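Using the hints provided, position chains B, C, D, E and F relative to the given structure of chain A.
6 protein chains.
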Amino acid sequence: MISDIDTIIEAALKEDMPDGDITSESVIPPESISRAIILAKEKGILAGIDVAACVFAKIDPHVIFTNKLEDGSMLSCGDTIACLKGNSISLLKGERTALNFLQRMSGIATLTRKFVQGLEGFQTRILDTRKTTPVLRNLERYAVQVGGGTNHRLNLSDMVLIKDNHLKIVGSISEAVKRARNKVAPSVKIEVETTDLEEVKEAVRAGADMIMLDNMSPERMKEAVSWVDGRIPLEASGNVNLAMLRKIASSGVDFISVGSLTHSYDSLDISLEFR
Amino acid sequence: MISDIDTIIEAALKEDMPDGDITSESVIPPESISRAIILAKEKGILAGIDVAACVFAKIDPHVIFTNKLEDGSMLSCGDTIACLKGNSISLLKGERTALNFLQRMSGIATLTRKFVQGLEGFQTRILDTRKTTPVLRNLERYAVQVGGGTNHRLNLSDMVLIKDNHLKIVGSISEAVKRARNKVAPSVKIEVETTDLEEVKEAVRAGADMIMLDNMSPERMKEAVSWVDGRIPLEASGNVNLAMLRKIASSGVDFISVGSLTHSYDSLDISLEFR
Amino acid sequence: MISDIDTIIEAALKEDMPDGDITSESVIPPESISRAIILAKEKGILAGIDVAACVFAKIDPHVIFTNKLEDGSMLSCGDTIACLKGNSISLLKGERTALNFLQRMSGIATLTRKFVQGLEGFQTRILDTRKTTPVLRNLERYAVQVGGGTNHRLNLSDMVLIKDNHLKIVGSISEAVKRARNKVAPSVKIEVETTDLEEVKEAVRAGADMIMLDNMSPERMKEAVSWVDGRIPLEASGNVNLAMLRKIASSGVDFISVGSLTHSYDSLDISLEFR
Amino acid sequence: MISDIDTIIEAALKEDMPDGDITSESVIPPESISRAIILAKEKGILAGIDVAACVFAKIDPHVIFTNKLEDGSMLSCGDTIACLKGNSISLLKGERTALNFLQRMSGIATLTRKFVQGLEGFQTRILDTRKTTPVLRNLERYAVQVGGGTNHRLNLSDMVLIKDNHLKIVGSISEAVKRARNKVAPSVKIEVETTDLEEVKEAVRAGADMIMLDNMSPERMKEAVSWVDGRIPLEASGNVNLAMLRKIASSGVDFISVGSLTHSYDSLDISLEFR
Amino acid sequence: MISDIDTIIEAALKEDMPDGDITSESVIPPESISRAIILAKEKGILAGIDVAACVFAKIDPHVIFTNKLEDGSMLSCGDTIACLKGNSISLLKGERTALNFLQRMSGIATLTRKFVQGLEGFQTRILDTRKTTPVLRNLERYAVQVGGGTNHRLNLSDMVLIKDNHLKIVGSISEAVKRARNKVAPSVKIEVETTDLEEVKEAVRAGADMIMLDNMSPERMKEAVSWVDGRIPLEASGNVNLAMLRKIASSGVDFISVGSLTHSYDSLDISLEFR
Amino acid sequence: MISDIDTIIEAALKEDMPDGDITSESVIPPESISRAIILAKEKGILAGIDVAACVFAKIDPHVIFTNKLEDGSMLSCGDTIACLKGNSISLLKGERTALNFLQRMSGIATLTRKFVQGLEGFQTRILDTRKTTPVLRNLERYAVQVGGGTNHRLNLSDMVLIKDNHLKIVGSISEAVKRARNKVAPSVKIEVETTDLEEVKEAVRAGADMIMLDNMSPERMKEAVSWVDGRIPLEASGNVNLAMLRKIASSGVDFISVGSLTHSYDSLDISLEFR
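Taken in order, these protein sequences are the chains called A, B, C, D, E and F. Just so we're aligned, residue 1 is where the first sequence starts under the working numbering, counting upward by one. Just so we're aligned, residue 276 is where the second sequence starts under the working numbering, counting upward by one. Just so we're aligned, residue 551 is where the third sequence starts under the working numbering, counting upward by one. Just so we're aligned, residue 826 is where the fourth sequence starts under the working numbering, counting upward by one. Just so we're aligned, residue 1101 is where the fifth sequence starts under the working numbering, counting upward by one. Just so we're aligned, residue 1376 is where the sixth sequence starts under the working numbering, counting upward by one.
Only chain A is shown next, with the shape it has when bound in the complex (with noise of 0.2 Å):
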């Protein structure tokens, strides 16, 4: 189907090829056979198979890719993630532009999965952000989830999230949440953004459906996951690292969101190698 991912793997492949590869096309005969594999060089989860396999099958149908392993797998150093076998210089041309993909989607599913693993013994979700990379938002929240996170679906056509930005110039949160249940369609949930109990009791009895605690102490947090009693979902949000997450878990939050997973996520090793 008519897809964006699609979309992105063509233009990928356009951006590193725009008229070919021009090292492997007069070096290489154009009928040479070869076996690769896709090997991983570090420790990690393994994120974006799939899309690795679709660059080869855009470049040429007749690549036999089979995988070793999913997506979510523990990777160790020298683990064989797929063996591919085709045209040589078919393997030539999406080497750099699969690994591009993978090694990015596996690096924020690994740095995703400490977060994870960072909450063993909580009932607390770790939520991605729109700090995503332009245009590739869809294949990072992807990975995002294979790490075991859960989406905050958020574009700003999704959901209302009334912030900072907007109360300043509203003036009050119950005003905004008014205007907004006003406004926007029934099938849609409001989130306000928080900094201390008294907004988070003025934002509930507006009727906002969800509250972001931001920048709180724990401590604060506690307060506010005591006072809500359930009755709708809070999420912890603020330059969260690994360190702090426990004691942000322990307040009680049903969400922790977290920008780095998607911003500052370190490409993982991997690489692909000729038999």
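Careful: at least some of the hints might be erroneous.
Label-pair ranges, simulated between beta-carbon atoms [what the hints assert, rightly or not]:
no.: 1; chain 1: F; residue 1: E1385; chain 2: E; residue 2: M1344; range: 50 to 56 Å
no.: 2; chain 1: B; residue 1: E285; chain 2: E; residue 2: E1220; range: 53 to 59 Å
no.: 3; chain 1: C; residue 1: P579; chain 2: B; residue 2: N342; range: 36 to 42 Å
no.: 4; chain 1: B; residue 1: K453; chain 2: F; residue 2: D1381; range: 38 to 44 Å
no.: 5; chain 1: C; residue 1: K591; chain 2: B; residue 2: E285; range: 48 to 54 Å
no.: 6; chain 1: B; residue 1: R506; chain 2: F; residue 2: S1625; range: 46 to 52 Å
no.: 7; chain 1: D; residue 1: D989; chain 2: E; residue 2: S1326; range: 24 to 30 Å
no.: 8; chain 1: B; residue 1: Q392; chain 2: A; residue 2: P30; range: 43 to 49 Å
no.: 9; chain 1: D; residue 1: M899; chain 2: C; residue 2: K591; range: 33 to 39 Å
no.: 10; chain 1: A; residue 1: P30; chain 2: F; residue 2: S1625; range: 18 to 24 Å
EDC-like cross-link-like pairs, simulated, lysine to aspartate or glutamate; straight-line CA separation at most 16 Å [claimed, not checked]:
no.: 11; chain 1: D; residue 1: K988; chain 2: C; residue 2: E670
no.: 12; chain 1: D; residue 1: K883; chain 2: A; residue 2: D79
no.: 13; chain 1: D; residue 1: K988; chain 2: C; residue 2: E823
no.: 14; chain 1: B; residue 1: K438; chain 2: A; residue 2: D6
no.: 15; chain 1: F; residue 1: K1558; chain 2: E; residue 2: E1142
no.: 16; chain 1: C; residue 1: K713; chain 2: D; residue 2: E850
Chain B residues, not near chain F, derived (Cβ > 10 Å throughout) [claimed, not checked]:
no.: 17; residue: N362
no.: 18; residue: H427
no.: 19; residue: L429
no.: 20; residue: V459
no.: 21; residue: E466
no.: 22; residue: A481
no.: 23; residue: E494
no.: 24; residue: S501
no.: 25; residue: E510
no.: 26; residue: G513
no.: 27; residue: S525
no.: 28; residue: F549
The set of hints was computed from the structure by calculation and includes no laboratory data. Everything numeric in this text was worked out from a predicted model, so none of it was measured. Beta carbons are placed, not taken as given, at the ideal position from N, Cα and C, and that holds for glycine.
What follows is chains B, C, D, E and F alone, placed relative to chain A:
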């Protein structure tokens, strides 16, 4: 002019706003005007200010975006990068997308600058690689330049780069260079990846225009530099980190290429605040 | 900004004018200037005047298009909707395409207004559906708003709406709601289609955020309203016509959704006349 | 082949499903297989069955779509139009978009058939107009054919059609026809809109290839038919309804054009039901 | 307005400049301003000056492009066609693409003019054919007009033209014309390719609107002209060159179509020189 | 894979067939099957056979297209180039577009071959230029290769080529080369246009990688060849025709570039005939 960067910004805006910004449109009066600033929240190098400006220009040509700093500026926490004035809803619509570009590009420039500073006193230059984010290569290459790096002009159509995977199939460097020279246009340079001095010699004799020294020790690189004696440029490559940088440079190579510049940078912390 | 409506207008112009307007270009002197008016020829509600203006702006930015009435205005036969002045050929080129948009959108607004007026005295609101003209949904939803209706914010990616066809496969409402809640982002609302009070109860207990009462009698709806008691909104659905409207509303439901608003309206009679 | 209809179907699917069908994907097991039928729920003429099939094929090429009836078939309430078997999620994804096309196209065919039947016993043929839904003209013209109508092949680039607004500027029919004949390719026909017999005569003498009789009484049309005497075809036009149809036809005109065929039809009631 | 010519110019610029003009950008100071002229270096007819202007406008709207001559002007070697002033890099970027359009279009206009002059004293007009450069048909048809030729309005969707390959399958001209008349819209003309007088007669009797005389001798054409006697236009066709032109015209045919106008012209020598 | 040639073929088909082939569709029975051949009608070199095949494949994948000759084959009048079998309407739809590509590409290959043959006995190779048909450069460059020419790999982003217009602004060759070397990637070659021996010397000393000798006499070229002595390649340029070719080559230059290969070729006469 027709420009890929325009296309990417438009796609990023569409990704974040397929049907408008329902929060701002429902809570902010349409005629509301605001002032805001873009603010550095940590130390680093600014890159991408024109991309950020362009994001707002595409949303609303009446937004006034005034640079306070230029790309390449050293940022300290608290520095004002730009001032904005315009329709409040337009400012809110562009905030996240503009920052998503600006934080990533500044992250790359900041990391590149660290490598460039690590080479102070040497002639050696830092090169980027093709390990860029799919579809965003041009923006990332630009950020590398801003940080003081040199672009390794290289997509698969640009230059011949004969690597280990090619050599496994062709058999010898001499044969590979010969085939390439016969096929490609006279305007195209040929680079060869080598792993020891014998290969360097074979590549030079075969007529290579540039040589990559892959994962060689600084000592071996020194021998290569001495043997080649300035006839063609030499590039050191292979998981280079800041620690090893000066050792490699002291071998006398012309270039050191660094994949992590574009595959494992952290976004720089930058925010937009309404006044 | 990048806008789907622009794309549609451009496609419509290309559809009607793949190689120019050969009549006007061959019989009208290129420098000829004309005045024309857009004229209501029957009673109704105006919608789409900005789309009509945009059609002419795309053909020729020098055409002066002056609104005499705004969207939402009540039209009588003979009312002047807008005045145009500009190159005669440009006016002739845009005439049919502008009217094709304007007549349809005004037709929808006119029909919607009838339903809204039918509910005078009730709190109940009229919702549209996904039964819109392919590719023109946004324009039609806007026309519904102009007519006083509320958009049922609903494409397949926006909201969970569990319908009879889903239930046939899943087996029970409780199970379906549970699965949805576990999978979708916390920002997404869940609506359930029900056919009797037992199902309404099951849906509420399972945690549904909204309930559709499908083809229920007004009496049954009343029971549902009474049992739910304002906890979540209720939507009446199923081949609703003007005759039954008040009976349904008197059950106390929050919303009535009406497919015919967008699938079976008549174009309003509007024409463009040269002076 | 490159086909506009493909583009429209893809755009319609994207409109309804920018990020998948979150209901079906979260509640239905991915391996679930279902059977469903497309069912007529009122009397009419079927049109668009291939478009409906194409909707499902684009979503999932493994869906088996079996026509039970062909375009042009007379439908009764309860008739099975097609049987589908395939992945349950795929069927649910395509349901609304397929019906949105099918119901509209069948609505047009049904209305056209009424006009065509109204002319039984006459040679006169029913023509459509350019009053089509923007972007969907080709589909609507096809539905008119299915209903037994004839397409008035007419976009602004196809044929010269000199109308009242042109004549207000040019001054005379003779001059307008002369200018057109000198400018347009010899392959292009010239039609002239006329309002009385004198204009008909002037148009024929000027060399028009076809004449439109605009809002004339049947008596006047009869005079025109008699004077023209078969030299070129005559088309009656102007808010024609079913009631007046036979009177107009009895004047002997060759064609009657009817705008409402495509601007004011009702969608035919058709549904998709899982078994 | 949305225009295919815009799309083509943009594609041409992208083809020549996928990543900028690295020469000009690296050697010319970005603020440098230059003056340049476009200069005829051989005799001919100018065509395409607006396309050339548009090339520069797309690169840089601040370039001032001043026509000294209009399309259709007779050029002598040394004539100044246009003066340009603007950013030096912008002028250098557009030079080749602008000339590539201008030289080709002027080449076509020049060749067409020769054929048109060859017919001096005759009423017969020169027609182009569908033997145009793929994707550039509109520009080439325009250049034919500039040279004084008439466009044979003809793509496969525009007009019925029954040729030898159709007749081999259908069997007879009468049958082919009859089928076409029943199927196509009343607005469409029907032309028939004929090879002798009998076929001409059959075509006229069957109701053809225009006739092509394919590879007939001037004598036979004369007979056809005499028999048809002005009822419908006649077109001579078949590898016509300048030498035979007047002989053919003296047969009295209305049109002579010439494929070489658009398939075998020489580019006119035109250059851009910096002052 | 994503391929510009696909895009161009699709655009060409759409240009020629925006709404189908109304002749074939109205006169040929839809189930009719035909055989046809593509036939050379004059001497030359075949180029573009795969493009022609692709035209038919896009229209109808069931057409069987069998090459009888390969690109590069010497054609005589009457040679069968390919045999086709398939749906008659599909064959008729593709005829003109396929030939429009094939005749032009074969025309270029034929002209190139003449230049290449003119150099028999010399090492000198024929280069093409950027004087190609807008949007069709890749196809034309391929045709040059088929004819035995070498592509001058050169769009504005590929290579630095410092020409007279650059030198007028920069002032000196040495300065221009220096600026370029500092700015462009190490992978990029630098060529300089020169007009006498002093400039050649200056360019070589400045570090140019290749030199263009513009409009020099063969004697001067000889001096340049002798002075450069094989260090870097030399290219002769400037309105080269067949007559002067051997004189230029005897100077010992490595390349001669010829603009007319792609700007002033004649289409080769090739036709498609039904059997």
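Here's how the hints hold up against the structure:
{"no.": "1", "hint": "E1385(F) with M1344(E): 50 to 56 Å", "verdict": "violated (38 Å)"}
{"no.": "2", "hint": "E285(B) with E1220(E): 53 to 59 Å", "verdict": "holds (54 Å)"}
{"no.": "3", "hint": "P579(C) with N342(B): 36 to 42 Å", "verdict": "violated (49 Å)"}
{"no.": "4", "hint": "K453(B) with D1381(F): 38 to 44 Å", "verdict": "violated (33 Å)"}
{"no.": "5", "hint": "K591(C) with E285(B): 48 to 54 Å", "verdict": "violated (40 Å)"}
{"no.": "6", "hint": "R506(B) with S1625(F): 46 to 52 Å", "verdict": "violated (31 Å)"}
{"no.": "7", "hint": "D989(D) with S1326(E): 24 to 30 Å", "verdict": "violated (41 Å)"}
{"no.": "8", "hint": "Q392(B) with P30(A): 43 to 49 Å", "verdict": "holds (47 Å)"}
{"no.": "9", "hint": "M899(D) with K591(C): 33 to 39 Å", "verdict": "holds (35 Å)"}
{"no.": "10", "hint": "P30(A) with S1625(F): 18 to 24 Å", "verdict": "violated (37 Å)"}
{"no.": "11", "hint": "K988(D) with E670(C)", "verdict": "violated (45 Å)"}
{"no.": "12", "hint": "K883(D) with D79(A)", "verdict": "violated (37 Å)"}
{"no.": "13", "hint": "K988(D) with E823(C)", "verdict": "holds (11 Å)"}
{"no.": "14", "hint": "K438(B) with D6(A)", "verdict": "violated (29 Å)"}
{"no.": "15", "hint": "K1558(F) with E1142(E)", "verdict": "violated (38 Å)"}
{"no.": "16", "hint": "K713(C) with E850(D)", "verdict": "holds (13 Å)"}
{"no.": "17", "hint": "N362", "verdict": "holds (38 Å)"}
{"no.": "18", "hint": "H427", "verdict": "violated (6 Å)"}
{"no.": "19", "hint": "L429", "verdict": "violated (6 Å)"}
{"no.": "20", "hint": "V459", "verdict": "violated (7 Å)"}
{"no.": "21", "hint": "E466", "verdict": "violated (7 Å)"}
{"no.": "22", "hint": "A481", "verdict": "holds (16 Å)"}
{"no.": "23", "hint": "E494", "verdict": "holds (24 Å)"}
{"no.": "24", "hint": "S501", "verdict": "holds (20 Å)"}
{"no.": "25", "hint": "E510", "verdict": "violated (8 Å)"}
{"no.": "26", "hint": "G513", "verdict": "holds (18 Å)"}
{"no.": "27", "hint": "S525", "verdict": "holds (20 Å)"}
{"no.": "28", "hint": "F549", "verdict": "holds (40 Å)"}
Checked against the numbered hints above, the structure breaks hints 1, 3, 4, 5, 6, 7, 10, 11, 12, 14, 15, 18, 19, 20, 21 and 25 and satisfies the rest.
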